[in-house]
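Trainee: Read left to right, the sequence shown gives residues 1 to 63 (UniProt numbering).
Don't read these hints as lab results, they were simulated from the structure.
There may be inaccurate statements among the hints.
Taking CB as the label site, the calculated pair distances span [said to hold, decoys possible]:
1. 28 / 8: 12 to 22 Å
2. 31 / 62: 27 to 37 Å
3. 36 / 60: 30 to 40 Å
4. 32 / 60: 16 to 26 Å
5. 62 / 25: 13 to 23 Å
Positions of the beta carbon are idealized from the N, C-alpha and C atoms, including for glycine.
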Amino acid sequence: MTNDELSEMATFVLRLSDYVDSPDDLRTMLEQTYPDATGDEILFVMLRALNLLSAEGAKRRLN
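Please take these sequences and the hints and turn them into a complete structure.
Mentor: The following block contains the structure:
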């Protein structure tokens, strides 16, 4: 997958993060939405989204 596709997936994860109960549910949704993605790509996207959420939270604390 390209970097743009992985970024799109990370954005998808951020939109879903309020609606899923567990990381396993999120992984399942990603696998269904992006069936061509490898397990490593799914994990990478979940970690990227977590990093984005952490950065967003840090920005809010600073303001």
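Trainee: For residue 36 and residue 60, compare the CB-CB distance with the range 30 to 40 Å and indicate the outcome.
Mentor: This hint holds: roughly 35 Å between Cβ atoms.
Trainee: Do the beta carbons of residue 62 and residue 25 sit within 13 to 23 Å of each other?
Mentor: 31 Å, violated
Trainee: Is 12 to 22 Å right for how far apart the beta carbons of residue 28 and residue 8 are?
Mentor: Since the Cβ atoms of residue 28 and residue 8 sit about 18 Å apart, the hinted range of 12 to 22 Å holds.
Trainee: Could you say whether the range 16 to 26 Å given as a hint is met by the Cβ separation of residue 32 and residue 60?
Mentor: 31 Å, violated
Trainee: For the hint 27 to 37 Å, verify it against the beta carbon of residue 31 and that of residue 62.
Mentor: 35 Å, holds
Checked against the numbered hints above, the structure breaks hints 4 and 5 and satisfies the rest.
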